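Heads up: the protein sequence lines correspond to chains A and B, in order. Each residue of the first sequence is one higher than the last, beginning at 0 in numbering that gives the first Met the number 0. Each residue of the second sequence is one higher than the last, beginning at 0 in numbering that gives the first Met the number 0.
Treat the hints with care, since some could be wrong.
[Claimed, not checked] Part of the chain B face toward chain A, derived, beta carbon under 10 Å:
(1) PHE168
(2) SER214
(3) ALA223
Quick caveat, the hints were computed from the structure, so don't treat them as lab data. This structure is a prediction, so every number in the text was calculated from the model and none was measured. Cβ coordinates follow ideal geometry from the N, Cα and C atoms, glycine included.
Below, each chain spelled out in residue letters.
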Amino acid sequence: MATEILMPALSPTMEEGTLAKWLVKEGDTVSSGDVIAEIETDKATMEFEAVDEGIMGKIVVPEGTEGVKVNALIAILVEEGEDVPEAGAAAPAPAPAASEEKTAEAAPAKAASAPAAPKVDLSPDWPDGTAMKKMTVREALRSAMQEEMKADENVYLMGEEVAEYQGAYKISQGLLDEFGPKRVIDTPITEHGFTGIAVGAAFGGLKPIVEFMTFNFAMQAIDQIINSAAKTHYMSGGQMNSPIVFRGASGAAARVGAQHSQDYAAWYMQIPGLKVAMPYSAADAKGLLKTAIRDPNPVVFLENEIMYGHSFDVPDLDDFTIPFGKARVWREGTDVTIVSFGISMQFALEAAEKLAEEGISAEVIDLRTLRPMDTATIINSVMKTNRCVTVEEGWPQGSVGSYISSVLMQEAFDWLDAPVINVTGKDVPMPYAANLEKLALTSAEEVIEAVKKVTYR
Amino acid sequence: MPEERPPRLHVPAPAIRPGDDPDFSDVRIPRAGEVDRPDPGTAPEDMRDMAFSIIRVLNRKGEAVGPWATGADPELLLQGLRDMLKLRIYDARMLTAQRQGKTSFYMQHLGEEAISCAFQRALRPGDMNFPTYRQAGLLIAAGYPLVKMMNQVYSNDGDPVRGRQLPVFYSSKEHGFFSISGNLATQYPQAVGWAMAAAIRGDKHLSAAWIGDGSTAESDFHGALVFASTYKPPVILNIVNNQWAISTFQGIARGGAGTFAARGHGFGLPALRVDGNDYLAVLAAAEWAVERARADLGPTVIEFVTYRAGGHSTSDDPSAYRPKEEGAAWPLGDPILRLKAHLIQLGVWSEDRHIQAEAEIKAEVVAAQKEAEAIGTLHSGRRPSPRDMFEDVFAEMPPHLVRQRHEVGY
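Generate coordinates for the entire structure from the input sequences, incorporating the hints supplied.
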């Protein structure tokens, strides 16, 4: 049977080349491995070897031809005594197989422009009537780790200063005493190194919690977090996964300057394969961290140095968790939806309080997790209020708020009575001086101003 | 006191460039059998000279000589020869398949077959390699089916990683072959972390990290060595020095260190330097390091000295930066010919049987190739289903991915 010889690709990016020279002529016998032609691109010259054996039946593209497209028919090889078929008729490609048939699960029609209200999870986070106790975010994080390490011996903590020093921000207080140096590990100072170690340990069956003193230092390790932790489950065809939590402070503290103040919410939120939590309250910090540790996927858990010392009511239960992808409505309202997360919730709530005094009723939503993001709760709220302001500490371009704006444009356009406003940090590296730092961050006043704009007051 | 003078930038360069005669006279090659074999429990500081010599077993006559000739079973060596032949023939077929447009990209092992084929024989099921793209012999020696490897290279419907990875980025947990990272060196600390996890969990498995000479410049390499040094987990830290990082010669990454193996010294790790073209030397060194790891004596650094006889990848034309004849002039020879000569010398092999084995293995490879191509190649036949594109992003598929999958009709 005749065999078609196609223009080869010298590299994945090669689209065409010059067929510089034929080293065989029609009628010549060709063996597998014989160099039969030379191909040139602007980068290199390549010797082109025959794969199959046969007789050169017809040279379709003469030598010296430029711009020959990859996979174009250049010659036909025939067997002894065989006629040369018409170009294109030889060795038909196998028919596309039936394996691409549709599954029984029918694909739904494209969403209409005005969808019905999305389904919202309105279940309470813990049973009504649960006793509460005051706890700081620091204690909440510590108790989440302590409970999970007690429950599962594969869970361990590693990072700089987490053991003897009990954490740069004292989050791991008492853990070394309770679990010993094999499960609470002080690492050498190399974020890139210990993140790689932890990712490998997760591949090896443990459930590491990696503490970064601040996520600013995790920039050194971001290749391990994204290229390895987040993508390996996918790249290995589901064979290898990394159940791991990367946690630490993100965002501005006070007077720590440009290199210690960045908020990474928008960065990590973009990555498929990662989950991203950023709690505001102590109850959420505890419930979400426990969920993060149990999750089979890598989780980026963004805390805030200023929030560590703040106290909240936390359910007094032996074991409770907060699911990912479920926002919390802190305050119901009818005139505007304020969406925030993490420390910026302070400004959202403070603004809502002051706005109420002026007769503006604001609904305040805490996203709690950024991936998965509970957009249903946002859309549902905007269907009621018709206006939305987002509040975050990070920079404006490519912000969490800009993603929310685009979701609302696509899913709730007909309900919006005003453009969505994103209240964000100023678009500058964080200055050191106290007055400038304050100005660079968001504030309740800016939230109030934005709300007045969208409500046309 | 030395005289003050303005600083000069020192840029190392290979001695030989295209057009020159190949010259390896500066590569010091000790005679086979010359290097001592310390007890695996020897303290690193008492065996520092090992990093500056080369462990060799096979001499020019094909005899196994010296303390590292540990009396490997001839049956195992015959299997080793078949593994290397299979890898070489497989490479040749895939390279040509790439030229035929059946895949976009390929990377061959020419000249380096002994390293991965022999190393795997020192491991047990459950041990884990974190390989680079030039250790497919680990899979072949572990008995991974050729047709699966080809399906991966062709990215067809039989591809075990469902069309998600570049050609040659195989992955099989069952065969101790983790996956391959396109970002070089990232798996080096991961292998150390995997071994630390094994130590913490108390299971008896070890891991093997793999890196090329060029990638040792990455900070991952140095971080990994710090952790290996501090926590002493059961890991073997392999460095394959094949002289060339694409067009950059090994002196650029090595800098002032005499050898890559010597990098281990700064971390207090025992370091061996091994003839990578000598199947018996690779096997003996791997067994030495495995013995250490299994006795909880900690990590070992091994530099395999070899030569990349082919291009870096199908996108590379090495004649632009090194003489074409350099491969033939490489003083450590060809790993297949050397093991073949040894087996003939032992009386368990012959020229005729070699020719017959080559034909048998070629038939096996061609049959596997036909089976793979009947499923499909990069541009024809059955491809991975778009349904698979959305799987495995997370352990469970989140609703928005289910929605996106529905939107493309699956």
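Each hint tested on the structure:
no., hint, verdict
1, PHE168, "holds, 7 Å"
2, SER214, "violated, 13 Å"
3, ALA223, "holds, 7 Å"
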